[in-house]
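Q: Residues per chain, in single letters:
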Amino acid sequence: MARWLSLLGALARFSFGGARPATRLPRAGRDVVLRVTLNQIRFTAVHAIGLIVLLSGILSFLVISQAVRELGQIGATGLIGTLMVVAIVRELGPLITALAIVGRSGTAIAAELATNTVMGEVRALEGMGIDPRQYLVLPRFMGAMASLFSLLILFDVVAITAGFAAAAFNGMTGSRYAEIVLRSLSARDVWLTVAKALALGLIVGIVPSYFGLSVRRVATEVPVAVSRATVASIVGVFLCSALFVLLS
Amino acid sequence: MTAPLVFEAVPLNSRTRTPFTLSVAVHQTVAVLGDEASGVDRLGAFALGLEAPPGGRVLVLDTDLATLSDRQRLAFRRRVGYLPAGDGLIQNLSLRDNIALPLRFGSTSSPRDIDGRVNVIVVAVRLGGAADRRPAQANEEECRRAALARAMAFDPMVLVLEQPFDGVTARAAAELLEIARGGETAEGARRTILIVGQEIPAVVQRRCDRLYRLTRAGSLELETV
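Protein sequence lines, in the order shown, are assigned to chains A and B. The C-terminal position of the first sequence is numbered 1122 in the working numbering, with every residue numbered one higher than the one before it. The C-terminal position of the second sequence is numbered 279 in the working numbering, with every residue numbered one higher than the one before it.
Be careful, since some hints might not be right.
[Claimed, not checked] Here chain A is said to cover these stretches of chain B; the calculated rule only asks that three of the stretch's residues, wherever they fall, bring their Cβ under 8 Å from a Cβ of chain A:
1) 129-136
2) 143-152
3) 162-172
[Said to hold, decoys possible] For the chain B half of the interface with chain A, some residues (derived, Cβ under 7 Å), not all of them:
4) Leu-102
5) Leu-104
6) Gly-140
7) Arg-158
8) Phe-159
Derived from the structure by calculation, the hints contain no laboratory data. Where a beta carbon is used, it is the ideal one built from N, C-alpha and C, also for glycine.
Chain A with its partners taken away, still in its complex shape:
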């Protein structure tokens, strides 16, 4: 427990230390950070579109198909809206999107930064008077947040569309489906989703960066750092989701 709390404190310091240098960047430095951030978004969000569409589509289609059949037998198809909004949009959407990004990009970020360290690039940056958090962490942190936010919107859109297809496939009219989903969706759900996307994006961007930069100068530490980053990110994502449930 003490180890986890100490890790949490170290991550908080690291996050703050990563965000603070952003305010001190000169114009040319901001251009570099923006370019690296856009590159990160390309790898994290654009390249993951197919995966998210697949996961979201299949999950929603299966859940809504089963729900229409089972709930239809007891005349409770009105609950499909709640199922879609609460289970898929509010809970599973952020969770699955964050886990997909941890698997695809979190591991890549940890491996890349660990390799940067082992190759002496981080030391070289420090030697040149560049804060490695400005050049390496800040763009990944911003890229991960922006990517998770966009992919989450995509997940929700695809989930609702696939749910529509599943409902139609199982004999429910489109207007009925739209009516019950829209009735269950509130502004609070939208804000919760946005808040979750930002919080999970923070975890997915910061945790792998922290573990990636924590290696020293031995190549054998790279896989260990990647493994630790993945485990800590997954635990963080689940804990954060649980925290939102408790607070909401």
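Put chain B on the given structure of chain A with help from the hints.
A: Below, chain B without anything else, positioned relative to chain A:
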């Protein structure tokens, strides 16, 4: 003027009997060579404040880096050029972007001015057409030229070079040293240079004002060059 680079009783490894003491005078090119066990590879890190010396103190341009905050230390390093062992070039940037990186993060110049300055440096180190290649696409000599160019991006008066001539021919090494010296003044080279490493070519040794061999026991032996 006091020496821009001073090591005062710095222990380099646990086996050394005598702590390391050295003063690099202004306009001088000094090389300290020794095998890995001598701890010579830590001198660059101490001089840049990348590692805190376990004892003694290191003064760079009359400043004890150990007394500075992390932020001040980062800013201070822009006054000292540093070529780390193994060049430390960022692999996913072109050599040109590697050279521009310290200027982009450490100066308030416009991107256009920075590009202009980088073009001048690229010509000065004779990088030519290789400037747009990434380190993995360039040869060892081109990478060394780029790493030296990056170390000189702010036109520092003090340069710390770690194993700068590994993997390059004696002729290229001599040329790199001349570029690093930055021309001659009545007192000697324009820049003050500390070279650390295990060995340097004879032609470079002859261009050094002082050459020391560091023994495993930590004693510093002056070699005639």
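Q: Holds or violated: is the Cβ of B:Arg-158 closer than 7 Å to a Cβ in chain A?
A: 4 Å, holds
Q: With a Cβ-Cβ cutoff of 8 Å, does the region 143-152 of chain B contain at least three residues near chain A?
A: holds (count 3)
Q: Given as covered by chain A, does the region 162-172 of chain B meet the bar of three residues or more with CB within less than 8 Å?
A: holds (count 5)
Q: Does the nearest C-beta of chain A fall within a distance shorter than 7 Å of the C-beta of B:Leu-104?
A: 6 Å, holds
Q: Classify the hint on B:Gly-140 as holds or violated, based on whether any CB of chain A lies nearer than 7 Å to its CB.
A: 5 Å, holds
Q: Return the status of the interface hint for B:Phe-159: holds when the least beta-carbon distance to chain A is below 7 Å, violated otherwise.
A: 4 Å, holds
Q: Identify whether the interface hint at B:Leu-102 stands, where standing means a beta carbon of chain A within less than 7 Å of its own.
A: With a closest approach of 5 Å, the B:Leu-102 hint holds.
Q: How about the region 129-136 of chain B: do at least three of its residues have a C-beta closer than 8 Å to a C-beta of chain A?
A: holds (count 5)
When the structure is compared with the earlier hints, no violation turns up for any of them.
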